[in-house]
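Work out the full structure, taking the sequences as your base and the hints as a guide.
Letter by letter, the sequence shown follows residues 1 to 1197 in my numbering.
Worth flagging that the hints you see were computed from the coordinates, not collected in a lab.
Honestly, I wouldn't trust all of these hints.
[What the hints assert, rightly or not] Below, in silico cross-link-like pairs of lysine-lysine (BS3-like), each with a Cα-Cα straight-line distance of 30 Å or less: (1) 393 / 377; (2) 202 / 85; (3) 515 / 876; (4) 658 / 668; (5) 54 / 636; (6) 676 / 402; (7) 78 / 54; (8) 386 / 676.
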Amino acid sequence: MHLSHLFSNVESMVILEKMETCFSMSDAAAVKLSGHVILAGIGRSVYVFSIQRKTLLSKREVLSRQKIRELSVNSVNKVLVYGGKEAGIFKFTESGLEAEITDVSTWKSDDWIVHSRWLVCDEVATLSAHNVVTIWNNGGIKKFQIKCHDQSILYSGYLFGDKCDDLICFAGTVFGQVAVWSVNTKHADMICGTLHYLRGHKGAIYSIRYDPVSNLICTTSDDRSVRWWHKSSPLVQQNENSGSLHESWSAALIHPVSAGYGHLSRVWKCFVSPSFTFTVGEDSQLCVWKNLEIKQVFKGVDCEQSEFPLIARKQILHGGSIRNVDFSLTDGLVALGLGDGGILVWTLDSLVSPAHITSDSPLGSSDPSRRVCLYGKELEPIVITKSGTGLIKRRLDDEVSKWQNVCEKKYLGLCLLESSFDRKSIALTSSDGSLDILSGSHLAEGDGVSQCDGAIKYLDGVTLDGDYILSIHWLADDLLLTCRSRGQLQLWLMVQGDDFPTLKEVRTWVLPHSKQCWTTAAAWVPWGEPPGLILCGNRSGDLLIYSKDSPNPIQILKNLHGQMGVTSLMVFWPTYSQDKNWKPTYHEIYFQQPQQSRVNVSGHLFSAEIYSTGRDGIVNVFVLRNGLLKLKGSEKLGFEWAARFLVLNKNILVFGFKGANAVIWGIKERCIMLEKNCGGGHRSWDIDFVSQSDGSLDLILAMVTNGELTTVNWKLPSGTPGGSVVQGGLHSREINCISCFSPSKYLCNTSNDMTFVITGSEDTTAKVSSFSYNSSEKTPLFSTISTLHGHLSSIRAISILPIFPSDTLYECKNLALKENASRNAVTIEANDEHLDFMVFSAGGRAQLKAWKLSFDQIEKHFGVHPSQQLCRAEEKFSLMLDYKKRDSKNIENNLEARFMDVQSFYAKGRTPEKSQDMILVAVVTACSDGLLRLFGYRESQCHPERVEQKPYLGLWSHGIPHPTISKRHCLFKVLHSSFAGHDIVITTDLIGYYHLWDITSELESMEMSSVLLDTKHFEQRDKEPFFPFFSKLTHKFSINAVDWKEQSWLAVEDLQNNDDRSQVPPCMLVATGGEDGTLSLDLLAFLGNSKCEGWNKAVVQTSWKLEGAAATQIAGVKFVLDNYLVTVSKCQQVILWRWCYESKSSSLNASIISCCYSTIPDIEDIAVINTRDGVLVVVGGCGLEVLKIVVDNEEIK
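Right, here's the structure in full:
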């Protein structure tokens, strides 16, 4: 039987209404700015986003099978889209907070479309890959075609003009040249000749644009270059509108004027405007070039070539591509479509705004500057010189500034200078142990100096006899922390006196002894009783937490940021969106009335997030739980020296140094926003924003360089330091694995259908995303809430396992989260504080990692919206197979081994008492060296009254599928199921076999001897390997997809003539899909005498196989509901099957119910989600897509 026969004999009882895309996250191949909205083509659908609100207004699927490659809008808001051999037209209306896509019409072309353009009278012109221009009416009816004499294959093209009989076509060929020809209907044979050839590129042409104002033609190519040509008319005074385009371009002179090499890889797209050219490419860079004015050139006169300057370059992604770029000259906005599905909008001012650098030496070279800080609303620099003199640079007017003394006291020796958060007070120390506070905000009118004069006066100070201060940190505008030379920490509070505030010591603590015993960063968190929690970072990279209860740290996070230390700590409150950057004071939290304060009845500040960074280029995010820090997630920056956090409009920025440049990194944007050469890192510097009267911002960086004060001023006319994220992306490279889980499955008293999707990618990261969809929503909610970093190579597989509270843990033995696993789910009361999941990720370099995901107050967040506060991710253990201690010739320890698939489940044999002390998880992996490896993960339940044991993940044993070494090939997939008192594992391999393993005895021995997991004397090679009890060859080549389903109802049918249920063997239905495109179903019966002996035999009751079930490799197969099966292939075909077993004839068969095509190329994995509205199929490859299958409710019943 072949697939074509099944399509012609689809069952009359069709249970499928339709199969459609409800969400897609692939590369944003098309972006278009149109007024207040941005149109994006992602997959087959068009998305309409509000530029100002950064929200999705509307979404609609336009094309049927092809991905949208380009969009163009005419004067009446009609949009023309194309992709592949399809084109379409729709109309969109936008009013305020809503947008609507209507009147969609599509048609198919005979050839691949490389460009399209609106013409007058709503006609459309398309350029195809064989250099043919086709004219269509607005209903998709072909009017006529015109061919070019040059029939080269085109990779790109561009059409200029608005009349069907007078168009100029730029055809970018695979031979590295552009053929310019005119579409002229006067030719009787409808074949036109070439007017010009533009040569210079050494690779295929990927994009072409022409600007009629500057007469510049821009092309990008496979050779990483950008080239410009200039069109000159034969007569200087000739008006191009006076004649036809054909006449103008026939007589025109086209000369190359410049070539740019700013990209490191292939350049995908360009956009040329009268003044600027924007290019994007495979290297994730946005390059902005300045167009130089080109003089008119006459015939016989060579055109001068000049280099167009590269005025801005932004690295947007790491390891991904920027697929498209658009520019609005009216609004000055640049839109980017990213390869990970993200969409960014930058202002042109933020891209090309220069930074002004000035240098100054207040007292000359004889008395160089040593320390600097910024003070006041205007961020005036205050410096301390070598002689101890304090000076401030006062601005007298817009052009004149003058240095004035701050105070008469000299600050000699080890001098420190820091300003408060509100820039109204400064703290100074000297080598004599003095700490002084100066301010201009507490002056009274009787002092003879008005508030607006900004005079700085001494407020109060203390002197520590016989000691000196190594570091000072402002924790609030009225709270300071000092660190003395012996590691003594002192907390100081500014208490309001009769005239001026005075310093009062609140609490002292002691730093643990170390070689460099001082603090490098500090922060204060209101928590519980005063003074709350004090967070300190030291030179060893540790993070220490202090409270009032002990002089020693109550929590130490060791080596958090490497050997260079913690450079910055920040407490961020995302809840208070009405405040630009609210930082509470000590008096506000603990001295004001509770109704006036922003704390709860327990004295805790709501929704606090703690950010830390160091010179390792890592940003860690923590949340407070029960007075202790819990890691929420981490982010890798694009540079190593991260120095300080900044907050602007609720967006978190990181300032640091990258080589000789000062940079600003956007956490949300995941790229460098601003960059300027400053000579590298400096010992004394300060940075902050200052608002101007016109609404713009100045970002001022002051630093001491070789004894001189250097000031860098970034002018930000738009009030933002860079781009805006309209839609966040997912992965910059291919998705290898998908795993879905719904916390609502394990929570009672909840009706929310929110699902969490974890995806592992070639970009070495795994991302946790929330997804919510129901029929009443216009668009699904999708948000990435956490990213798992740390893998050295690609992530090939992910497995998820719930962690239940200790009193219910033992009831959940053998619970697997896969749909085909145990059907008896254990629920947890919804009022639990959090729900935890173990995640095991595996992939290249034989690396296996264990993570814990915690969802805090999950029912509170359910039904609201996905939030960054929802999920915490913590790495528990990382393992790499150790080959150095073993014989490299041994087949069990192949140096090239990597993990291809992973499954996790609870080990058996525990008693309730043991489950309260420790959880033990079994992890099986399919490896590329042909072995099945069994690991054990052990973690204590962390009872407060007991000492916490460190989590450990260790190799326990391994299985060999074939006794013959020549048959040991790569294992691709592994699944686990527990039924009839046994733990069964199925694996598939490279040569078409699948194997069944009974690992019950291995799990029992691991449970009894789990203490040996982390014993150095335990050697896995001393254990005897285990072998499969059943193997079957079902495919000609590798088996890339497998799923199975326990069939207890078969046993009931067999009992009609036999009342002894113990005699009926359990059955399992196995579905496999292979590289040969074959789909196979096997019904297996398991035989064995007892639980102790395990299964020793499996019998194939009946089989069904369809060769050619897919045109290419079947990448995924999943059972759905009771009698349905979903398969997806590399050719992007998604098929829903219905299988049936006839007990009388013992026959098994399957038939196709419906079929659709995904927009995701190179599909690697699928997952299935059951909802009240139907079944969702999640497809992963070069992007992520969610398909909805609507099933008849009667069939579900």
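Here's how the hints hold up against the structure:
For the given pair, residue 393 sits about 13 Å from residue 377 by alpha-carbon distance, which is consistent with the 30 Å threshold. The straight-line distance between the Cα atoms of residue 202 and residue 85 is roughly 28 Å, inside the 30 Å bound, and the hint therefore holds. Restraint check for residue 515 and residue 876: the C-alpha separation of about 29 Å stays at or below 30 Å, so the hint holds. Distance restraint check for residue 658 and residue 668: the Cα-Cα separation of roughly 19 Å lies within the 30 Å cut-off, and the hinted pair is therefore satisfied.
With a C-alpha separation of about 25 Å, the suggested pairing of residue 54 with residue 636 holds against the 30 Å cut-off. Simply put, residue 676 and residue 402 have alpha-carbon atoms about 26 Å apart, close enough for the 30 Å limit, and the pair holds. With a C-alpha separation of about 23 Å, the suggested pair residue 78 and residue 54 falls inside the 30 Å cut-off, and the hint holds. A hinted pair counts as satisfied when its Cα atoms are at most 30 Å apart, and residue 386 with residue 676 qualifies at roughly 28 Å.
Consistency with the previously given hints is maintained throughout, with no hint failing.
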